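Asks: If you want the building blocks of each chain, they are given just below.
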Amino acid sequence: MADINKLDQMAMPRRPFSVLTQTGFTEMAAICFVLLYAPLVPLVVYSFNAGVSLAFWEGFSFRWYVAAWNNEMVMDVTIRSIYLAITAATIATCLATMAALGTTRTKPYRGLTSIYAMINQPLMVPEIVTAVALLILFASIKAATDYHGMAYLIIAHTAFCIPFAYLPIRARLEGMDLTLETAAADLYATRWLTFRRVTLPLVWPGILAGLMLAFVISLDDVVITQLVKSAGQNTLPTYMLGQLRRSITPEVNAISSVLLAVSVAMVTIIFFLNRKTKQRQTVQ
Amino acid sequence: MVNTAANSAELSLGTTLQGGASAEQTARKQEVRRSILLSTPALIVLFCAASGPLLIMAVYSFLSAGPYGGIVWKFSSDGWASVVMQRDIFDDTLSIADAHVTILWRSVRLSLLTTFTCFVFGFPTAYFIATRRPERRNLWLFLITIPFWTNLLIRTFAIMELIRNQGVVNTFLTSFGFVEEPIQMLFTDFAVMVGMTYVYLPLMVLPIYASMERLDFRLVEAGYDLYATRFKVLKRIIVPLAKPGIIAGSILVFIPALGAFVTPRILGGGKHMMLGNLIGLQFGQGRNWPLGAALSLTLLVLVMIALLYYVRSAGKSGGSHG
Amino acid sequence: MKWKLTAIATGLAFALSGGMAQAGGELNLFNWGNYTNPKLVEKFEKQTGIKIVITDYDDNDSALAKVKAGGHGFDMVVPSSNYVPIWIDEGLLLESRPDQMSNFKNLEARWQDTDWDPGRHYTVPWQWGSVGIMIDTAVYNGDINTSSIIFDPPPELVGKINVAPEMGDVMGTVLRYIGSEPCTNDKAMLKKARDVLLAAKPKWLSMEYGVIEKIAGGDLAASLYWNGASFRARLKNPNVHYGYPREGYSLWMDSVGILKDAKNVENAKTFMNFIMEPENAALISEFARYANGVKGSVKYMPEDMATATEVVIPKEFINSGHFVPPCPPDVQKIYTAIWTELQK
Chain B
817 MADINKLDQM AMPRRPFSVL TQTGFTEMAA ICFVLLYAPL VPLVVYSFNA GVSLAFWEGF
877 SFRWYVAAWN NEMVMDVTIR SIYLAITAAT IATCLATMAA LGTTRTKPYR GLTSIYAMIN
937 QPLMVPEIVT AVALLILFAS IKAATDYHGM AYLIIAHTAF CIPFAYLPIR ARLEGMDLTL
997 ETAAADLYAT RWLTFRRVTL PLVWPGILAG LMLAFVISLD DVVITQLVKS AGQNTLPTYM
1057 LGQLRRSITP EVNAISSVLL AVSVAMVTII FFLNRKTKQR QTVQ
Chain F
207 MVNTAANSAE LSLGTTLQGG ASAEQTARKQ EVRRSILLST PALIVLFCAA SGPLLIMAVY
267 SFLSAGPYGG IVWKFSSDGW ASVVMQRDIF DDTLSIADAH VTILWRSVRL SLLTTFTCFV
327 FGFPTAYFIA TRRPERRNLW LFLITIPFWT NLLIRTFAIM ELIRNQGVVN TFLTSFGFVE
387 EPIQMLFTDF AVMVGMTYVY LPLMVLPIYA SMERLDFRLV EAGYDLYATR FKVLKRIIVP
447 LAKPGIIAGS ILVFIPALGA FVTPRILGGG KHMMLGNLIG LQFGQGRNWP LGAALSLTLL
507 VLVMIALLYY VRSAGKSGGS HG
Chain S
61 MKWKLTAIAT GLAFALSGGM AQAGGELNLF NWGNYTNPKL VEKFEKQTGI KIVITDYDDN
121 DSALAKVKAG GHGFDMVVPS SNYVPIWIDE GLLLESRPDQ MSNFKNLEAR WQDTDWDPGR
181 HYTVPWQWGS VGIMIDTAVY NGDINTSSII FDPPPELVGK INVAPEMGDV MGTVLRYIGS
241 EPCTNDKAML KKARDVLLAA KPKWLSMEYG VIEKIAGGDL AASLYWNGAS FRARLKNPNV
301 HYGYPREGYS LWMDSVGILK DAKNVENAKT FMNFIMEPEN AALISEFARY ANGVKGSVKY
361 MPEDMATATE VVIPKEFINS GHFVPPCPPD VQKIYTAIWT ELQK
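Protein chains in written order, with the numbering used here: chain B, 817 to 1100; chain F, 207 to 528; chain S, 61 to 404.
Treat the hints with care, since some could be wrong.
Here are the simulated DMTMM-like cross-link-like pairs (lysine to aspartate or glutamate), alpha carbons at most 20 Å apart as the crow flies [to be verified]:
(1) Lys251(S) / Asp294(F)
(2) Lys393(S) / Asp304(F)
(3) Lys247(S) / Asp294(F)
(4) Lys296(S) / Glu888(B)
(5) Lys477(F) / Asp119(S)
(6) Lys263(S) / Glu387(F)
(7) Lys923(B) / Asp294(F)
(8) Lys296(S) / Asp962(B)
(9) Lys329(S) / Asp159(S)
(10) Lys958(B) / Glu86(S)
(11) Lys280(F) / Glu150(S)
(12) Lys280(F) / Glu307(S)
(13) Lys320(S) / Asp962(B)
(14) Lys103(S) / Glu888(B)
Honestly, the hints are just simulated from the structure, not real lab data. Quick caveat: nothing in here was measured; it's all calculated off a predicted structure.
Next comes chain B alone, as it looks inside the complex (with noise of 0.2 Å):
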């Protein structure tokens, strides 16, 4: 596909815009970041108040970081929450990886919106009625099987990963053309062959955005979490939910920003990775 950037770059002196703004648009994602950022910020410079509240600062401290730090149960609750999230995440997107190639570019068939209906079903019932639901069911194996491991929230947790992953991964399908796989058909490419080189860097934005929804609204959920968990297998949002209740102090700030620093770092050094990587290839 021909570089936007280089379109740009040839465009005819008498056309006075840029073949990339819409008016407004970028002035609008502008704000968006920043409003997206902004909350964070007092989240970020309260976790290191002295004092214990939210809203009274009383001076620079890093002792929220430190009782963070050794509250074992915080530690537990936080490695245990992105565990199931990657855990669940990268099935769902899987699945939902398949089912969208399944699913997307068919002439439609009887069963067709069954499995559409299906596979977004878990969006369109509150969460309480799933979490009731599985809670009965999953009592019922627990209580046979005394098996009482992380297994029961993973399947839970990808059940309810599964929409969202699909959907921008079909969005991005459905936008495909079929020329480029012909093509490879028409060179005699199997099937699989075809998939992992034509396909799936194709999709690969999609499949992308799709993990990263599912990743969010896994580490997010609480209410289904709540009632299928066994003992002892507390997550982080069921953990701030206890803090709620009681009293909310700057250590949830703290294990908050650790988190954005986590990922930050993730960010960047993924994408120097990149660079590297690019600029490993124009050398050669």
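For this one, chain B is given, so just place chains F and S on it according to the hints.
Replies: Just chains F and S now, kept in the frame of chain B:
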């Protein structure tokens, strides 16, 4: 997809000896079979942990409420009847359950507003990201999602801290003299909408981006070359091509917003229930599981109808590409 | 591949939960979130070698639902007093006879026998408190010991009031306010209660938790809320006082019980006896700032708790406090209808 292509290539290479129809039929059957096969793993997981349990709920909606929560295995249509009708507790008259209608209407209204606001902010943002240099796009994408790596409760609290009476916004407004008294923003419908928009924004941006990134900007350039205004290019070229993403994003925002529970609670102050809170109440202190089940199934059916109608009509105008 | 993942998941889960088999065994405590002092857990583990695994819940009804559904794996649970009779009725609690344990004599006399657990055959006090009026006296300095502040507020307070979204407590308080009783099935009284609530609601700002910050910060001026929270707010803003409605206010007591299908019954009984020691009860109290029910624990608690009005009920108001009982299902239905009407 590819199989069909390969098969049609074969056909065109001269399988004219066979009846063309039956070859197409087999190809079609294979396609359908493969489509179902690919979807099966996802469907299995969903059946175990989403649709299957829903069947349990469907059964529960026809049972009687247990005295302290739970159900009693006795048939009763009370659950379904209470969805639309209520018996006045004091004079025993039957009437439409206006509490439910009010709550439903409030939820629909707020969710539509949230979806619209998310679209207004999300569409330009997705477009912006899609028009960055290819290497930079993932970076921007991550930048959009990073705030959401913090927890939902935390994000909601962060919004609350911003808009409360002694919060940042009001302090700014009062100290610079724009207003005399702090504006009561928290615990209003406005606060709930702001909160939900903030929470659901990436759900709108990411699908639109995924759809738009594939946009062939040569079409846009062609539009300009034909002396179209920017608005016309937007309306006639960009939006229709990004439509799958817009639909996906709207679904991902509107439907969860309908059943939202935590954000309306914290930012709305609990004085006004939304649908999620109403249903939650039935499984909590309300101790009326059959009603909770019936309410959520009603919601499910309504949403499903709207969704399928929307998708069918969008599908008709969509068409294939290439 | 799924099975491999499950195996890894299980392994990690075990690792995360700190391993199962230990010297003294294990105890699975199902408690409210942010309600167990880590120091208490440490002390218990050191003293007995039993490892405590805490799982949290934030709602009496979801705890009940979870245990009722079965297959839960918990040993002990900490329900509120108005739910204890339900737990006993449904046969979920073990009749562990704490009244026969060695430390039972340490309980204050008034808690050794209660309406909702006669003779204390099932549960041991964890913490107890009241639901009263939390008020910023800088905004209003009239009589604070009346629930008319909430249900018929003075003009300075209108629009700055919060009510804890606890249906049982609110209904109990409003029924006492109009001269009736909680869980009454007198329809005329219930109707009056509903009207009082609906009339008062426009004057309220919110019905939520997380009130401490707001009243200390000035968003709120009054709330119907728990005493411990009021205490904590006073530490931030000394103008915040706690009033006991003389018309009648609710008492609550969260109590620890052993589940009938518990796996570690002996460990659970050890823990029950353990928390009836004054020093250990004091540890529980210092964490969430509520009173426990054990004699002599006061000298181990932080000093400010010993004299605080929030913790020690002034003599003139002691008789106005009553525990809220669980209401029979038909009354509960009316409560829910009124509550839905109130919050729609």
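Asks: Tell me, which hint numbers fail for this structure?
Replies: Hints 4, 7, 8, 12 not satisfied by this model.
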